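Undergrad: Taking the hints into account, I'd like the entire structure generated from these sequences.
Protein chains: 4
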Amino acid sequence: MIAILKHGTTPDQAQHLIQWLKKMDLDVHLSEGKEVTILGLIGDTSRVDMELLNSLEIVESVKRVSEPFKQVNRKFHPKDSVIEINDQVKIGGGHFAMIAGPCSVETEDQIIEVAQAVKAAGAQVLRGGAFKPRTSPYAFQGLGAEGLRLLMAAKQATGLPICTELMNLVHLDLFADVDIIQIGARNMQNFDLLKEVGKTRKPILLKRGIASTLQELLMSAEYIMSEGNENVILCERGIRTYETYTRNTLDLSCVPVLHGLTHLPVVVDPSHATGKAYLVPPMAAAAAASGADGIMVEVHNNPSCALCDGAQSLTPEQFADLNRRVEIIREAMR
Amino acid sequence: MIAILKHGTTPDQAQHLIQWLKKMDLDVHLSEGKEVTILGLIGDTSRVDMELLNSLEIVESVKRVSEPFKQVNRKFHPKDSVIEINDQVKIGGGHFAMIAGPCSVETEDQIIEVAQAVKAAGAQVLRGGAFKPRTSPYAFQGLGAEGLRLLMAAKQATGLPICTELMNLVHLDLFADVDIIQIGARNMQNFDLLKEVGKTRKPILLKRGIASTLQELLMSAEYIMSEGNENVILCERGIRTYETYTRNTLDLSCVPVLHGLTHLPVVVDPSHATGKAYLVPPMAAAAAASGADGIMVEVHNNPSCALCDGAQSLTPEQFADLNRRVEIIREAMR
Amino acid sequence: MIAILKHGTTPDQAQHLIQWLKKMDLDVHLSEGKEVTILGLIGDTSRVDMELLNSLEIVESVKRVSEPFKQVNRKFHPKDSVIEINDQVKIGGGHFAMIAGPCSVETEDQIIEVAQAVKAAGAQVLRGGAFKPRTSPYAFQGLGAEGLRLLMAAKQATGLPICTELMNLVHLDLFADVDIIQIGARNMQNFDLLKEVGKTRKPILLKRGIASTLQELLMSAEYIMSEGNENVILCERGIRTYETYTRNTLDLSCVPVLHGLTHLPVVVDPSHATGKAYLVPPMAAAAAASGADGIMVEVHNNPSCALCDGAQSLTPEQFADLNRRVEIIREAMR
Amino acid sequence: MIAILKHGTTPDQAQHLIQWLKKMDLDVHLSEGKEVTILGLIGDTSRVDMELLNSLEIVESVKRVSEPFKQVNRKFHPKDSVIEINDQVKIGGGHFAMIAGPCSVETEDQIIEVAQAVKAAGAQVLRGGAFKPRTSPYAFQGLGAEGLRLLMAAKQATGLPICTELMNLVHLDLFADVDIIQIGARNMQNFDLLKEVGKTRKPILLKRGIASTLQELLMSAEYIMSEGNENVILCERGIRTYETYTRNTLDLSCVPVLHGLTHLPVVVDPSHATGKAYLVPPMAAAAAASGADGIMVEVHNNPSCALCDGAQSLTPEQFADLNRRVEIIREAMR
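Protein chains in written order, with the numbering used here: chain U, 437 to 770; chain V, 437 to 770; chain Z, 437 to 770; chain G, 437 to 770.
Hints listed in this document are in silico derivations from the structure and should not be mistaken for laboratory results. Small disclaimer: the values here were computed from a predicted structure and weren't measured. It is possible that some hints are incorrect.
List of simulated lysine to any residue pairs, SDA-like, C-alpha gap at most 25 Å [unchecked claim]:
#1 U:LYS459 / U:PRO504
#2 U:LYS506 / G:LYS499
#3 Z:LYS442 / U:THR680
#4 Z:LYS635 / G:LYS499
#5 U:LYS631 / V:GLU582
#6 Z:LYS442 / G:GLU487
#7 U:LYS499 / V:ASN684
#8 V:LYS442 / Z:HIS452
#9 Z:LYS442 / V:HIS513
#10 Z:LYS568 / G:GLU487
#11 Z:LYS499 / V:LEU466
#12 U:LYS442 / V:THR680
#13 V:LYS511 / Z:TYR574
#14 G:LYS631 / Z:THR445
#15 G:LYS499 / U:THR680
#16 U:LYS459 / U:SER502
#17 U:LYS511 / G:HIS443
#18 U:LYS458 / V:TYR574
Here chain U is said to cover these stretches of chain Z; the calculated rule only asks that three of the stretch's residues, wherever they fall, bring their Cβ under 8 Å from a Cβ of chain U [said to hold, decoys possible]:
#19 579-585
#20 634-643
#21 666-679
#22 712-722
#23 760-766
Here's a subset of chain Z near chain U, in silico, CB distances under 7 Å, partners left out [as the list claims (entries may be wrong)]:
#24 SER502
#25 VAL693
#26 ALA725
#27 GLY727
We put the CB at the ideal spot given by N, CA and C, even for glycine.
TA: Printed below as a string of structure tokens:
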């Protein structure tokens, strides 16, 4: 970490700061220039509160030289992590997974039907919401525990592992048979929840917050890993920008950037990012081209509800077609 | 709510959609133009999933005409809400409060000293962090329950009501003697936490998420009120933008905008927004000029730690000086 | 266009507004609800100042139903536009172009060497900056007119058409032999410059402003077309967000969105968006998967300057490799 | 400037870079750590292309230690600049100016009437648009040269200096009698226009671009000053964020930040930032509290057009009331 002191800092003030830093077991290298004085902090700077340091009156700015994340850091773990789902499916290190299913679990028939359809079309994991985070308290909040039960029925019927969202740490016991626990974008910095799932050994799919930096995403993954759980999958799902034609802006360049920074696999969710079905296939294909380790996509199979045909969900046929193209693209990028 | 259908929508498709909407107990007014068809939805549209509707293939766009929030809405509650803190302090409806104190509770001596200093300088409420949300799992996470105990000692010593952050719903019992429960920016959409504090009758200070829209902030307040707790105070603390000279961008125009949309009081926190002590007085003064119902500011009193003089905290003297100016500005804006 | 009037608007106020709108040759349909009154404006609303209307005291909000752009609108021109470059190269409507070359033109040898190298590697158009927009007045501003002369030498040597940026309308005469005139992101709303290039019949590559909405991009294209020049190519080059790991955030979902809104071709520039060479191949591949009509990429060939090996430019070998992969991806997405 | 080299950079690569930097007349201090190597660049780094340096393969990141701007920099010019307008009005260094007038010049009667009204209400400068930058080519583009003539008539009638926007460098001759030339937000990085007004000695009001950083704003001011014109006034007018309740987000913390970085005066335009008349008085008052050197506000006086009463313009009465409050606030902040 480097701290640049303001022009006009007195030697006394600088010494005061240096003593304070040394108390944190850091070595401090002082290099004085004509216009600025630079402190180089050597040692374990992950404990230094960068914002506090930056807010000091004599400090012009602070810059990390080494990243504040450790266990997720590729520098200390150069090989790609491969996350194993229930001894069936692998994600990362060249293994690619299609995670598909409906937005919400509605009925047993619905979820089993969709599960069979997405399996036939090539999905490796079934997704479906039981606990749903909703902006409005008056909106449908999901079937809850009953939704989990229906997902288990679909798992039994098809053999597909299940990925579904946990919103509340008191519900963790209910997730014993869930194969991948999803932490949603709104809870990416719900640190107590992260610690709790960090104590399990289950695969965790951690979605990027709607306005989170990649460093914040990695620090949240670090929370999980620091509790002992190494099975973390990162998920890009669109960020908030000023543009309003799409629901969010899918940030695909984060895929190769994250692959440089961390050994953890990166999955992309184009359904939530774009909010429109016609945008899902091109953006899923683009995600595959960018090097993603998996794609999470909404698929439904509800012939009785013609309405849904236009929602952000693909039909099983569209999903099968997408799978075929993604396979070719992955081959082209090898 | 208005739904604009795409050019080329067939009468059958439109009728299908209309029947679906009518099942939600809505009246639907159809007005067909040459280029577009417009559906006007009349009734309780707060239950309609606007994103789902918007994602339908035949729908060009959707626009809410009436706001999705009810209990927080000024239309249905024209008079300003006045939140009473412990029968001592009022916020809103012309009542203004200065909430001051250190970033974190450290020791009993520290918190009592600061409490006495901010009280003497004009503060009505003491703030101080016991449970601290930290980006890094390796950073100091606050004194926790012990921090709450020290805050109570400061309350006893000075009589000042206490405002401190709750991060985890399982800790709620520990907050029995806290006067204002703060929900931090990162938990603004932790809906289960909102529901839980909604079941209490304590004043809740709800901070705007770092990239939350005003409507999302109001919907989160609605979560609390829909559980029966009417004592909600909104707090602007800076939003995330591309600008990097300040930690966040303080959005002061939200103060008069929120006053138009809701009857709830609005407090501004310039310390976290700007991250630099020298920016706090001008931005606190600007907050008062914009019509804020209170200001939340970091103040410390630690003569043994000369370092802290430059942090985002004001000294008690600077805080007293600010109070004097804010008083004049509030008078000028009456 | 729809205008929603505020609750409490008097009939007199509404009539006043309606009369004002009718003077603009618009038909106004009034529909009064219990909570709101809605005005539907029928006719040529492209002349209505939406911001002025929105700022009126009695107006709650305004929404366009038909887009404000006409000549660029796919609704009125359903077939893809195919832009012909110098009778040699086509862009759009299934025709794809690779536009490659160095960031800046430096010397005759340099530009001819790169031109030969990119041609051999599969480029259809040579790019290179002669007039360079620079944030600092002290930075190298490009070779100017001399740079244009060197580009012509490279064109003569290779037969490749030239694409280069125009910053100042008084320089237009110098661009007589340039094949594609580029309008840079900073000048996307330099309306007088747009009108000026609209009076030519040359292909114009219009870059999206760093924080421009897609609608603003299309309105700027409309400026060019409204002066009679139909040869407009849109170019996505990254937008400004809070994320700092990449220089800008490449918004690839704009490709299928723009293809829905307009008949004009869409090209993607991953070099400027990402600012790092290692991110260019995955993002160029992703752009092809998203349906782009072309890719604009920095390539250099400067064995004497080992330094440049790491800049945002690809080597000709990397570029040839990318071309091969892009071809397969385009095939997969057909 | 500091360049941090990547872990794994070979001594040869580092030496190569160092030689390249030394050719630019820079001293380079090398400090090698276990994990990173840091280069400190001493000398005139304003010519170093930071983006190019940052894009090099061996470079982890680059940080400026001294700002890239010189003539606008308070470090080299500690005293506030005071800009004199036509020997009548001063802005900066404790001098405050109210710049008021209509959005567009429409007729001679209109502009003279408004000029008289704002003068009576306390304005020091008359603003009014003759050349109008409009998103749509079909919208009213202003009266142009005729508008300038009408502004001169208003100047003659009232003695108020005139501030109006220049969009096109070929129009500069028409602005001979204009007292403050405004460069609009969309042209903040139209560098050729900046150079051209830099060759005059007229006061230039430079508006911050809609998504410009403060550093970019200062670099654009540097363009003007580097051509010899020291009369630059900076203007904050709202930035683009994800929030949609206001047209833009007024960034008031930029006022004290800019006062720290530069000696140039800072004016705030709350009318364009918010887009609604009811938000103008609180935000203008907040601007005064934040330390602004002037306020630019839309005022109209058009009793025949009841409609306009609700636009983003204030009436002369509202403007006079605002002036009175601003005076008290400025006194309180002294």
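Undergrad: Is the interface hint satisfied for GLY727 of chain Z? The criterion is a beta-carbon contact with chain U at less than 7 Å.
TA: 5 Å, holds
Undergrad: Go check the region 634-643 of chain Z versus chain U for me, would you? Three or more residues, Cβ under 8 Å, otherwise it fails.
TA: violated (count 0)
Undergrad: Is the Cα-Cα distance between LYS458 of chain U and TYR574 of chain V 25 Å or less?
TA: 18 Å, holds
Undergrad: Assess, step by step, whether the Cα of LYS499 of chain G is no farther than 25 Å from the Cα of THR680 of chain U, and give holds or violated.
TA: 33 Å, violated
Undergrad: Restraint: SER502 of chain Z near chain U, CB-CB cut 7 Å. Satisfied or not?
TA: SER502 of chain Z check fails; min Cβ-Cβ to chain U is 15 Å, beyond 7 Å.
Undergrad: Need the status of pair LYS459 of chain U, PRO504 of chain U: alpha-carbon distance at most 25 Å?
TA: 19 Å, holds
Undergrad: Verify this for me: three or more residues of the region 760-766 of chain Z with a beta carbon less than 8 Å from a beta carbon of chain U.
TA: Held - the region 760-766 of chain Z has 3 residues with a Cβ nearer than 8 Å to chain U, which meets the minimum of three.
Undergrad: When you check the alpha-carbon spacing of LYS635 of chain Z and LYS499 of chain G, does it fall within 25 Å?
TA: 44 Å, violated
Undergrad: Does LEU466 of chain V lie within 25 Å of LYS499 of chain Z when you go C-alpha to C-alpha?
TA: Distance of about 17 Å is within 25 Å: holds.
Undergrad: Are there at least three residues in the region 666-679 of chain Z whose beta carbon sits under 8 Å from a beta carbon of chain U?
TA: holds (count 4)
Undergrad: Assess, step by step, whether the Cα of LYS442 of chain Z is no farther than 25 Å from the Cα of GLU487 of chain G, and give holds or violated.
TA: 49 Å, violated
Undergrad: If you draw a straight line from the CA of LYS568 of chain Z to the CA of GLU487 of chain G, is it 25 Å or shorter?
TA: 14 Å, holds
Going through the hint list in order, the structure does not satisfy hints 4, 6, 8, 13, 14, 15, 19, 20 and 24.
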